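Q: All chains, please: the whole structure from these sequences, using the hints.
Chain residues, written in single-letter form:
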Amino acid sequence: MNDSVNNVSATGRALGDSTIEIRAMHKWYGDFHVLRDINLDVKSGERIVVCGPSGSGKSTMIRCINRLEEHQQGDIIVDGVELTNDLKNIEAVRREVGMVFQHFNLFPHLTVLENCTLAPIWVRKQPKAEAEATAMKYLERVKIPDQALKYPGQLSGGQQQRVAIARSLCMSPKVMLFDEPTSALDPEMIKEVLDVMIELAEEGMTMICVTHEMGFAKTVADRVIFMDEGQIIEENEPQQFFNNPQSERTQLFLSQILAH
Amino acid sequence: MSNTTPTAQKYAPGQHPELPPPFKTRGVMLWLRENLFSSPTNIVLSLLAIYFLYKVVPGVLEWSFFDAAFTGSDRNECKAKAGGACWAFIAERWRLFTYGFYPAEERWRVIVAFIMLVVVTIAILWEKCPLRKPLLGFAVIFPFVAAFLLVGGNGVKMLVGLACVAVVLLLLYRGFSSALFFILAIVAALAAKIIFFGGVDVPFTSIHINGIVDLEQYQQLSLKRVSTDSFGGFMLTLVIGVTGIAFSLPIGVLLALGRQSNLPIVKYACIVFIEFIRGVPLITLLFVASTMLSYFLPPGTTFNLLVRVLIMVTLFASAYMAEVVRGGLQAVHTGQTEAADALGLKYWPSMRLIVLPQALKISIPSIVNTFIGLYKDTVLVIIIGLLDPLGIGRASLAATEWNGLTNEVYLFVAVFFFISCYAMARYSIYLENKLHTGHKR
Ligand SMILES: Nc1ncnc2c1ncn2[C@@H]1O[C@H](COP(=O)(O)OP(=O)(O)OP(=O)(O)O)[C@@H](O)[C@H]1O
Ligand SMILES: [Mg+2]
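Sequence order for the protein chains is A and B. Using the working numbering, the first residue of the first sequence is number 1, and each one after it goes up by one. Using the working numbering, the first residue of the second sequence is number 1, and each one after it goes up by one.
Please keep in mind that the hints were generated in silico from the structure rather than gathered at the bench. Please read all numbers here as calculations on a predicted model, not as lab measurements. Among these hints, one or two may not hold up.
[Unchecked claim] Chain A side only, calculated, beta carbon under 10 angstroms to chain B, not exhaustive:
1) ARG94
2) LEU110
3) PRO152
Glycine residues also receive a C-beta, built at the ideal position from the N, C-alpha and C atoms.
A: Written out as structure tokens, the structure is:
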């Protein structure tokens with residue numbers, strides 16, 4: 001499927017080594033086989049968009065990458081560390097993988113600045129002043145430095161999601177996971193979040209992004225992955241994926257999603 | 001209102017400046033009309049309430065103030081002076097109500113301990129308190145200092161013991177991250193026992209390692225021993241209430257976390273403990289305190305009555321607290337722990353920094369509710385023979401010259417409890433407002 005030369009993205013950019021390797025991964029919720037034989041290789045610097053109908057297992061898959069969900073079979077190797085039950089490994093992976101959630105999940109009892117400095121101080125053991133300087137740098141990048149001393153509850157949805165992105169970036173992650181970052185937002189806020197994500201992509205961040213924003217997929221993705229019923233059905237560069245979908249299910253999905 | 005009708009636009013479109021919010025100019029009549037007489041039901045209810053107050057308040061004031069006797073040496077003298085309450089009784093006995101049978105020449109110790117309690121409480125509750133940091137440090141050792149002040153004994157021994165406990169606790173805390181410190185903590189505890197506290201019996205042998213330093217020779221800091229049997233009155237209420245409040249919250253939090261643990265042994269131990277303690281009346285626990293405690297503690301440990309009561313009241317409140325906190329923990333959205341996990345926070349930091357602050361904030365009303373319940377339950381100790389204010393009151397009523405002044409006694413005790421409990425309730429509301437961040441959604 002992936003016929004591009006190794007370490008060169010579909011869009012022609014040079015890529016690094018594998019950051020995430022998922023091999024023959026399966027997951028069950030009780031008896032329900034939610035992920036079936038997932039194989040995925042993400043190179044450093046690669047931007048991947050995952051789409052598919054609701055309930056197809058997209059969230060579950062990316063949540064396995066930082067062990068918010070446990071897989072039962074197969075291997076997941078992130079930045080050279082294999083995810084097992086070993087807490088040390090899990091912590092090591094989580095330090096390097098940032099995640100942005102659909103509902104932001106900011107800490108409501110902490111200010112925006114404290115949200116951003118908490119993990120650097122407690123996980124990376126940075127001095128407070130240094131953590132705050134870094135946090136302000138990223139808050140500026142997501143264009144809300146003036147909200148630093150407010151509480152999340154006082155911000156709009158789009159602002160909250162940008163804070164959530166900044167909070168993850170403060171840990172200087174090697175990979176960013178996005179789980180439908182814009183689907184809880186009003187249309188006019190979607191753009192401000194997508195702009196931040198596009199900027200991030202242009203700076204070379206490795207990203208896996210579950211989204212139905214096809215415009216975003218077309219502009220930044222190196223590869224689009226289509227999932228259905230817990231399986232990866234199709235995987236292709238965006239040009240091919242949108243103009244020439246191979247499987248019937250992909251065609252159906254695209255016709256539905258592009259209809260409006 | 002008139003300002004809702006559209007007026008001519010003063011500013012060009014898009015040019016409207018930011019203005020301060022309008023003043024609230026409201027008269028008394030307006031307030032009355034809006035709050036008391038806004039609808040027929042409201043009018044009826046307000047009138048009923050006013051009528052009720054009119055009937056009750058003057059009578060109460062008459063009895064307790066205007067027609068009350070404040071001096072006198074016995075009941076008849078009161079009666080001769082006024083037809084209402086006889087506060088002379090309380091005026092004569094207030095020391096008894098406050099200190100119980102604590103020896104008069106040692107009462108300054110109770111006062112010092114009380115002042116310390118007030119200072120420490122202010123430091124804990126009031127964020128802008130001057131010298132807050134050192135005072136909070138003092139708060140940690142305050143229970144020991146207070147116990148020493150109230151009970152007395154060898155001060156040097158107390159200080160050395162405190163230092164040893166501090167070292168061991170510190171090592172135990174580090175032991176969470178490295179097993180080496182855990183072992184060091186055990187070694188330090190043993191060493192302290194051998195050096196300062198009379199040595200140890202080696203288990204399973206008849207060998208006894210003798211103590212090295214005998215602290216009894218240092219009597220410079222000693223206070224006269226006061227038997228806990230002489231504790232009574234409001235002082236006893238405060239001792240039991242404050243101990244219960246101070247220890248039940250942390251123990252309750254640990255129990256609540258334990259109940260949610262993934263480790264089955266921890267989980268079921270917590271469940272059994274909580275359900276057992278909750279399922280038994282406090283009175284029963286107080287009665288069987290001695291037998292019960294001997295199950296949990298090494299054989300041969302004996303306790304005086306007060307310590308048993310303190311432990312039982314604390315455990316009882318902890319079980320309730322655990323359930324209150326569990327409710328709070330469940331109300332914290334799982335997204336919060338997921339976000340903390342995703343940022344790489346470990347279990348304890350995630351609990352301490354993210355989940356517990358939110359869970360405790362949600363549960364403030366129920367936590368304070370439990371505190372108030374516990375505080376008032378302290379009067380139950382009367383049943384096992386401790387002299388709480390009510391016990392003192394009943395004992396005092398037996399005196400022939402004051403016979404029959406039940407109303408005065410119970411009202412006096414009620415006012416004391418009401419003031420304490422109302423203060424807690426107000427503080428809880430203040431705290432809720434202070435911790436409120438952003439919009440409720
Ligand atoms: N904790 C759980 N226990 C049992 N089943 C679950 C659990 N979480 C998700 N599922 C099921 O697993 C399937 C995949 O869920 P998932 O959230 O990964 O889908 P998704 O592709 O992200 O969908 P959406 O686009 O709606 O977010 C769904 O059928 C869902 O019902
Ligand atoms: Mg999802």
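Q: Against this structure, judge whether each hint is valid.
A: Each hint, compared with the structure:
1. Interface restraint check for A/ARG94: the shortest CB-CB distance to chain B comes to about 4 angstroms, inside 10 angstroms, so the restraint holds.
2. The restraint placing A/LEU110 at the interface with chain B holds, with a minimum CB-CB distance near 8 angstroms, inside the 10 angstroms limit.
3. Restraint check, A/PRO152 versus chain B: the minimum CB separation of about 7 angstroms is within 10 angstroms; hint holds.
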